[in-house]
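Chain by chain, the residues run as shown.
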Amino acid sequence: MLIEFQNPLNSSALAFPILECIHIVGFALSIGTVAIVDFRLLDIGMRHQTPAQLNKDLSVWTIVGLSIMVLTGMMLYSSDPDMYYLNWAFLLKMLFLVFAIVFNYTIHRNVVLSGASPGKTKMVAYVSLLLWILVIFGGIFIGFLNPTLDVNKI
Amino acid sequence: MSLFPLFHWVQGTAFATAIRESALVYPIIMMTHLASIALFGGMILMGDLRLLGLAMKDRPVADVVGSLRAWKWLGFVVMVTCGVLLLSAKAEQYYPNPFYWLKMTLLACVGVHALVFRRSVYGNLKAIDRAPQVPGTAKAAAVISLVLWIGLVCAGRWIAYYEPPKDAVQALSR
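Those protein sequences? They're chains R and Z, same order as listed. Residue 1 is where the first sequence starts when you use my numbering, and the numbers rise one by one after that. Residue 1001 is where the second sequence starts when you use my numbering, and the numbers rise one by one after that.
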C-alpha cells in the first residue's frame, strides 16, 4: 500500500544542498580526526603524542562528526529512498560505512589504546584510511548513477 | 576584458574533452577532491579548534598545527589539482556560475590569510605555546580560517545547483 506523504525536505530547493554542506563538514570532522590518529600510527605526524593521548582528545570530535554525518545522511536519503535503494554505489557505501565504523571501534581502537607490533600498527592505519576513503568514493559515485524505478519489477 | 575565450579554449583541449567524456575519470577526480577535503580539511578544522581552545587543549599548538603542515600542504595541492581538472572539463559551464567565482574569491582569501598570519601565528607556534593563553591574533586567524573553509565547501557544493539563464552560454560564445 502506498501512503501519501510529502517529505518536507522536498518542498524546499535549499534543503538538500544545505544538508549536503553540513554532511561534508561532518565527515571532514570525523574522517579528519581519525586521519590524525592514523597519521600518528604511521609515524608521519604528531610524533610527540602517543596514539592513546590523541584518541583521548579526538574521540569525542570523531563522534560529533559521525553523528552530524549520519543524521544529515539519513535526511538526504529520505529525500528519495527508492533511488538510493536501487543505487549500487549507495549500497556499497553503506557496506563500507559499517565496515569503517566497526573497524574503528574494535581492531583500530585496540591498537590505538594498547599498541601493537610496528607492522600491525601500520597495517591497521592503512586499512582505516582506505575504508573511510571508500565511503567517500561510494558517496560521490551515487550521483553518477541514475537508477530508475521499474514498477513492473516490484 | 572577458575571460570567457580562455574558458572556452580550456574546455576544448583534447585533455579536458577526454576527462569530460570519460565515465570513470571525471567521478574519480571528484572523489579524490572530496577525499582530500575529508582528510586534510578535517586536519585544518582541528588546528583551528585547537587555537580556539576548543579541542586538544593538552597538546601543544606547535604539534597540532605544525606537525601535520607538510601533509596539509600536500592535501591542498591534490585538492586544487583535482579542482582545476574538474573545472577544465566543464569550463564553459563554470564561467557564468556566480558560486564558482565566489569559491575562487574565497580561495584567494585563503592565500591572503596564510600570508597575513604567517609571521604572527603559523610561523610563531612555539611562542603561542609559551604564552599563558592563545593570543587574540591566533584566535582571529582560526575563526577566519573556519569561515573561509566552510564557505569554500558550501560555495563548491552550490556550483552544482546554479542554473544559468538558458541563453547565457550561447550569448557568451557568439
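Note that these hints are calculated values from the structure, not bench results. Certain hints may be false.
To be verified - Sample of chain Z residues at the chain R side, in silico, Cβ under 7 Å:
no.: 1; residue: L1034
no.: 2; residue: A1035
no.: 3; residue: L1039
no.: 4; residue: G1042
no.: 5; residue: L1052
no.: 6; residue: L1054
no.: 7; residue: R1059
no.: 8; residue: S1067
no.: 9; residue: A1140
no.: 10; residue: V1143
no.: 11; residue: V1147
no.: 12; residue: R1157
no.: 13; residue: W1158
no.: 14; residue: I1159
no.: 15; residue: Y1162
Unchecked claim - Keeping only pairs whose Cα atoms sit at most 20 Å apart, straight-line, the calculated DMTMM-like set for lysine to aspartate or glutamate is:
no.: 16; chain 1: R; residue 1: K56; chain 2: Z; residue 2: E1092
no.: 17; chain 1: Z; residue 1: K1090; chain 2: Z; residue 2: E1163
no.: 18; chain 1: R; residue 1: K56; chain 2: Z; residue 2: D1058
no.: 19; chain 1: Z; residue 1: K1139; chain 2: Z; residue 2: D1129
no.: 20; chain 1: Z; residue 1: K1057; chain 2: R; residue 2: D82
no.: 21; chain 1: R; residue 1: K122; chain 2: R; residue 2: E20
no.: 22; chain 1: R; residue 1: K120; chain 2: R; residue 2: D57
no.: 23; chain 1: Z; residue 1: K1126; chain 2: Z; residue 2: E1021
no.: 24; chain 1: Z; residue 1: K1166; chain 2: Z; residue 2: E1092
no.: 25; chain 1: Z; residue 1: K1072; chain 2: R; residue 2: D43
no.: 26; chain 1: Z; residue 1: K1057; chain 2: Z; residue 2: E1163
no.: 27; chain 1: Z; residue 1: K1126; chain 2: Z; residue 2: D1063
Claimed, not checked - So the derived label-pair ranges between C-beta atoms look like this:
no.: 28; chain 1: R; residue 1: S11; chain 2: Z; residue 2: A1114; range: 54 to 60 Å
no.: 29; chain 1: R; residue 1: L91; chain 2: Z; residue 2: T1081; range: 39 to 45 Å
no.: 30; chain 1: Z; residue 1: L1003; chain 2: R; residue 2: A116; range: 50 to 56 Å
no.: 31; chain 1: R; residue 1: L71; chain 2: Z; residue 2: V1110; range: 46 to 52 Å
no.: 32; chain 1: R; residue 1: A116; chain 2: Z; residue 2: V1025; range: 27 to 33 Å
Glycine included, C-beta positions come from ideal geometry on N, C-alpha and C.
Verification of the hints:
1. L1034: Check passed: Cβ of L1034 of chain Z comes within 5 Å of chain R, closer than 7 Å.
2. A1035: holds, 5 Å
3. L1039: The hint holds - L1039 of chain Z has a Cβ within 7 Å of chain R, the shortest such distance being about 5 Å.
4. G1042: holds, 1 Å
5. L1052: violated, 13 Å
6. L1054: For L1054 of chain Z, the interface hint is violated, since the closest Cβ of chain R sits about 9 Å away, which is over 7 Å.
7. R1059: Result: holds, 6 Å to nearest chain R Cβ.
8. S1067: holds, 5 Å
9. A1140: violated, 21 Å
10. V1143: Hint violated; V1143 of chain Z Cβ to chain R Cβ min 15 Å, cut 7 Å.
11. V1147: violated, 12 Å
12. R1157: holds, 5 Å
13. W1158: holds, 6 Å
14. I1159: Hint violated; I1159 of chain Z Cβ to chain R Cβ min 10 Å, cut 7 Å.
15. Y1162: violated, 10 Å
16. R:K56 <-> Z:E1092: violated, 48 Å
17. Z:K1090 <-> Z:E1163: Roughly 14 Å separates the two Cα atoms, so the pair holds.
18. R:K56 <-> Z:D1058: holds, 10 Å
19. Z:K1139 <-> Z:D1129: holds, 13 Å
20. Z:K1057 <-> R:D82: violated, 45 Å
21. R:K122 <-> R:E20: violated, 32 Å
22. R:K120 <-> R:D57: violated, 23 Å
23. Z:K1126 <-> Z:E1021: Status violated; Cα separation ~50 Å.
24. Z:K1166 <-> Z:E1092: holds, 13 Å
25. Z:K1072 <-> R:D43: holds, 15 Å
26. Z:K1057 <-> Z:E1163: Violated, at roughly 45 Å.
27. Z:K1126 <-> Z:D1063: holds, 9 Å
28. R:S11 <-> Z:A1114: 54 to 60 Å: violated, 42 Å
29. R:L91 <-> Z:T1081: 39 to 45 Å: violated, 31 Å
30. Z:L1003 <-> R:A116: 50 to 56 Å: Between L1003 of chain Z and A116 of chain R, where Cβ atoms are some 54 Å apart, the hint holds.
31. R:L71 <-> Z:V1110: 46 to 52 Å: Given a distance of about 28 Å, which is not inside 46 to 52 Å, the answer is violated.
32. R:A116 <-> Z:V1025: 27 to 33 Å: violated, 38 Å
When held up to the earlier numbered hints, the structure conflicts with 5, 6, 9, 10, 11, 14, 15, 16, 20, 21, 22, 23, 26, 28, 29, 31 and 32 and fits the remainder.
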